[in-house]
Amino acid sequence: MMKFRFRRQTTDPQREKIKQELFAFRKTVEHGFPHQPSALAFDPKLQLMAIGTKSGAIKIYGAPGVEFTGLHKDTTAVTQILFLPGQGCLLSLLDDNTIHLWELVAGVTREVGGVKKEGVVSLREVDSYCLPGRPGIESSSATRVTVLHLLKSCDLLCVGTEGGGVYVLELPRLSLKENQTLLQDHVTQSLPDDYRCGKSLGPVESLQEHPQQAGKILIGYSRGLVVLWDLSSRHADQLFLGKQQLESLVWERSGNLFVSSHNDGGYSVWAVTNGNVYNNQPVSSTIPYGEKPSNRSNTSITTGGMPRASYGDRHCLTIQQDKEHVTLDFTSRVIDFFTVHNVDDDKEFDDPSALVVLLEEELVVIDLLTPGWPSLPTPYLAPLHSSAITCSCHVTNVSTKLWERLINAGKAQQSRWPICGGKSLAPPPKQQELLLTGHEDGTVRFWDASGVALTPLYKLSTANVFHTDCDPVDDPHDDPDMQQEEEEEWPPFRKVGCFDPYSDDPRLGIQKISLCKYSNKLVVAGTAGQVIILGLNDERSDHLVDVSVMDLLQDREGFTWKGHDRLEPRLKPAPFPPGFQPLVLLQCLPPASVTAVALHAEWNLVAFGTSHGFGLFDYHRRNAVLARCTLHPNDSLAMEGPLSRVKSLKKSLRQSFRRIRKSRVSGKKRVLTTPTSKVQEANAALAEQEEVAPVQRRIEPRSADDSLSGVVRCLCFADTFLRDGTHHGPTLWAGTNSGSVYAYALEVPGVGLGRTCERGGASESSMCVEAVLGKEIQLMHRAPVVSICVLDGRGKPLPDPYEASQDLAIAPDMTNAHSVLIASEEQLKVFSLPKVSAKTKFKLTAHEGCRVRKVALVLFSSSVQEDYSEHTLVCLTNMGDMHLFNIPGLRPQVRFDCIRKEDISGIASCVFTKNGQGFYLISPSEYERFSLSAKVLTEPLCSVDVPLSTLPSPLLDTPLDSPLSCADLTLDSTGELTVEDVRDFLTTVDEEENNLRNMKDEEGRSPGILIN
Amino acid sequence: MSRASQSRTPTRAAESVVEVKSKFEAEYRRFGLKRTVAGNFQEFYRFLQSIHHIRGMDVRLCYADIHGDLLPINNDDNFDKAVKSANPLLRIVIITKTDDDSMVFATNSLQRRKKVMTLPGLNPGATHSRGKSVPQIGPPQDFRQISSIIDVDILPEAYRRVRLHKHGTNKPLGFYIRDGVSVRVTPHGVEKAPGVFISRVVRGGLAESTGLLAINDEIIEVNGIEVAGKSLDQVTAMMVANSHNLVVTVKPANQRNNVYRGSKTSVGNTGSVGSAGSIGSALSHDSPSPASQSNPITASSSQAEGDSDDEDDEGDIILESDGLNPYSRDSARNGAAAAGRPFPQSVSMPNSMGASLSNSASYSQDRNHNHAGSSGRERMREDGNMITL
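Chain order of the listed sequences is A and B. All letters in the first sequence, in the order written, are residues 1 to 1012 by full-length UniProt numbering. All letters in the second sequence, in the order written, are residues 1 to 389 by full-length UniProt numbering.
Keep in mind that the hints are not guaranteed to be accurate.
To be verified - Covered, in the sense of this in silico footprint (three residues per stretch, anywhere, with C-beta under 8 Å from a C-beta of chain A), are these stretches of chain B:
{"hint": "1", "segment": "145-156"}
{"hint": "2", "segment": "230-244"}
Claimed, not checked - Facing chain B, according to a computed beta carbon distance under 10 Å, are these residues of chain A, among others:
{"hint": "3", "residue": "L241"}
{"hint": "4", "residue": "V836"}
{"hint": "5", "residue": "T845"}
{"hint": "6", "residue": "A846"}
{"hint": "7", "residue": "C850"}
Unchecked claim - The calculated lysine-lysine pairs, modelled on DSSO-like cross-linking and capped at a C-alpha distance of 27 Å, are:
{"hint": "8", "chain 1": "B", "residue 1": "K21", "chain 2": "B", "residue 2": "K84"}
{"hint": "9", "chain 1": "B", "residue 1": "K21", "chain 2": "A", "residue 2": "K839"}
{"hint": "10", "chain 1": "A", "residue 1": "K901", "chain 2": "A", "residue 2": "K430"}
{"hint": "11", "chain 1": "A", "residue 1": "K796", "chain 2": "A", "residue 2": "K839"}
{"hint": "12", "chain 1": "A", "residue 1": "K901", "chain 2": "B", "residue 2": "K84"}
{"hint": "13", "chain 1": "A", "residue 1": "K914", "chain 2": "A", "residue 2": "K17"}
These are computed hints drawn from the structure, not numbers from a lab. A quick note: this is a predicted structure, and the numbers were derived from the prediction, not measured. All residues carry an ideal CB built from backbone N, CA and C; glycine is no exception.
So here's chain A without its partners, still in its complex pose:
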């Protein structure tokens, strides 16, 4: 259908070329902390860290900006990762008992954003191996791999299994050395009878190679037996007859001692002395927390410079060094940890410089060189979800000044990050970009989103504006690690990490954020109807926050709010740390969640909307300008009651219009007045339920009776023509869930009306901002209004506040007629101004059956022509695809599949940047970054010094995608668009084939392909 519809335009190859230069879709990088990590590894030579996840992804991180992602074919959990040190290879063990070999390979030259990059390294899977089940063994779990150990020589891999066998695989081919296999019976024979007692030794728990003598491995069995096995002579050198169930083993560097840890929370030190075949007793045995057996303890320890024991299933980890003893108490489960230490074999000790602990929900790095062992802020892998993300907001092109002030406010230490492998080849970001996330606990986090690594900059807490039950005594800006809890408690616990999903008060949650980057004003709106206006201040300040209450119900007395109470504002002056400090607190009544916010810092106005109505506030003069209820007229009629005989003309007119509107849609309600009809209706409903059809959808026109119809969905300020075609002035636009749009003409002293009536400064301050209702538009299809945007005479969106007046953007065209673009869930429509008449429209839902979820106006720059750019409307629909339309013509340009349609939270969390990128949540803790622009890309481009590959050719190209995102959408590493991804409305089949051919011909994605 689409093909005929747009065929007329396909005759324009020029346009096709321009579109290729403007638009290209790819998912570029995943920000944040991997969801459900399950394995950790570190390559001390290349200084790379690898994290495996339960969904089968492997992510490698080095220096900030260096990231590689690989994805296993199956979405099974990665249980173990091993680096082949210095080789740029790693082995992964999956939950399905397969072992995979991965390699970092330098790929072909890539072109990104018009810049050629050579030596870009990517991660690919080379080989995989599955241990065969042994015939004659009844249980298939016998060959289930429990532990992998790589010998120092990197050519042999020892595999311990559930059945107690140890197998040896040759690397890099991953082939089994049959004759090297050590089965349990082999060991049992050499055991003394009293130890054997007829039981099996249990699964292999630990394999450790002797640090000095190659070819000797220490095998630890679950029952407690430890064997020092010589691989070459196939003979047990020594047996250590432990009685306690074993958890892990670790060698001391000299090879004279090793430590075993046990499930009772204790560890034993064993001496390896030549001569003795049987060792019955450890040299020493300690249970550090023995007096607290209930503490099912952290069996993990680093003692005296000897690291690397594995496993703790409680959220603690202990560091001991001489007399210092600290137990780190984490908020989530410890997955694994490693230390960053010197790789010099000659040193007596490891001398670890940092301890890296992978927890289920975050990564904690402890600086072991600094006394007190503080934790280091991570430049990436930040737990975005330390409190659940409730909203996000992106600010492009942040000025350096604001940037520095933010960094100062955040006290982000420029500390030495211990993991520094690889080199980022990506060009330094051209502009600074901020990503703001609002959280459930009332905090707003500022992230540096300019590059590949999403780095935290600053955290703002709004909780201290309010008086909450659990009053936040602890200053949120104090580094939690600095709070040395000098408690006389044993073990010496120390809280570490910032993952804290438990919100003190859900009402504190942030719903909407708006930041003016020029005036440094921030508006934050929350769940309990609070709207906080904040200003940036470099000094600490104690002050009382002004509180203003605005009743959005106005004269509707009959309404009772049954939801939560408002938050109590703090009555005493509160200390506010440097950074954004609250100026005014606006409280909407009823305290429903704020659904829309708009800030115009030039006019000192903030507009906000809830499910009951919207309001306008002048924060400079601290007075409320306007409150308007948007509740459905049906309700209001019911509330007004029969008594109001004397009504104002206004009321009766409004009512009559409402009646006309209502009557078109809501005849049903009238019938439902008598109780008998209610019974009938209930019976009918019951009858309907009885005949159960599998999946049915009711076809009913949209009703205005929905209780959510009054929800204000969007607000926008614009300097445009609302009164007449010759004089423009400030306006406020509001759109609701039921397809109503209200346009108010604003009187802002000193602004607008063509600046003809500029008055003296003295009188200005005494004047108030006033709002007059100009237009009310009821969209016939009644779909929720998603976005409103005013376009200037050239059809371009109006610039942000201050941009025009400070010459930061091209001034809008005020000579030609403006128009307003109203995007509802079903249609996109452009109306002319000041007389609101429809100019163009696109009925997306009527044509495609999808609904608009998010809309943004984006400036796409051409990847070829330096100064060519186009404003484009980007629509994200409920099917998870992106539709791009030109403005104001509203002609469809391209379509990309982006998010799975089942991923509702992903679609709901999507934010767009102004230059064609975007973010959406692929898990509670991860943002996927994508780019719609052919020019603006932020993706990892990194190189690692790896030796030339000796490995066999790859089995497959690995998709650069996590399984949580669009699994069926494979993007190969060269970033070509597959044909399924883009449904180009304007190309015929032939041309599409041509396109494809062209793309194939031109290795890689050359941006200047001319079609035909």
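Since chain A is already given, all that's left is putting chain B on it; use the hints.
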């Protein structure tokens, strides 16, 4: 209007007198009418003629119902209905029959009347010379059309394209759709494909009352857009989005009531089982003529541009406040004295559907000319006029 609240208490409304405001051309008459005695149309008709001093003139009575629709009064029953619907005012419009022949009662007809009347009548002089007692023969005029079968000439015979007119929401559209498997006969044999079917028709709903849609009818298109390849939710959204002017093309489960045109009628197709075969054959031997191909292209692309906005669905209501005087600071101040409480005073209704309500029979004749010799395949290619009718 201001006493609207009174009528909501039923007891008082029952006994009260109906306030009637009748309008003939520019003249108004106001009078009261007892609800209990109301009921005789002829009496009422003569009464109105007398108070308007138009005795002997052949007029038609209409009233505005609660939805703002103009509905006819021409017998006792609908007169009774009109009186009952008075809420509390009964607005009567008297129209001389001569200028009214093209009139069809429909949604928003009150507002649209002016445009309708400027249209040259399609069948002028059909009734005006006739006496009242003579029953009218011809296209129905005093009724609201709720549905029509359209495009009979261009669709395959096994298909039926139904337009549902939803006037207000007195009746819900009233049907449900479900996923299912449709069987088609193609040149390669029988093929199964996912399809969307009507799963249930709500009793008393619009769909049922038309009699044109039934359970297990397969939905082929919605307002000219093919359903194939779309999910159930997408189809639902498309139908809801088009609900004010829904055109559904269905393949009826019961193929016995199909409309057959001229020579094409083949006995083999009448059986319900063989219905699928007829599609296949229709598709295979019809090759579209170039003329008919170009027509839909231009029409539909203009629709994409959105400039063919004569559709009835886009009557967005725009209320303009006159308190907002064009650029006068003082008046703006006055208006703002009651800040946030200005009131709308004028209504403009853009994009009214204008002459769009002609009857479908004459329309399809026009279509016949455009599409001489084409059939079958054209069901997928919508003429813009057709969509926007």
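Consistency of the hints with the structure:
1. 145-156: violated (count 0)
2. 230-244: holds (count 15)
3. L241: Hint on L241 of chain A: violated, closest Cβ of chain B at ~65 Å, above 10 Å.
4. V836: Holds. Min distance 5 Å.
5. T845: holds, 4 Å
6. A846: This hint holds: A846 of chain A lies near chain B, its Cβ roughly 4 Å from the closest one there, short of 10 Å.
7. C850: With Cβ-Cβ at 6 Å, under 10 Å, it holds.
8. B:K21 to B:K84: Holds, at about 15 Å.
9. B:K21 to A:K839: violated, 38 Å
10. A:K901 to A:K430: Since the Cα atoms of K901 of chain A and K430 of chain A sit roughly 33 Å apart, the hinted pair is violated (cutoff 27 Å).
11. A:K796 to A:K839: holds, 15 Å
12. A:K901 to B:K84: violated, 49 Å
13. A:K914 to A:K17: holds, 22 Å
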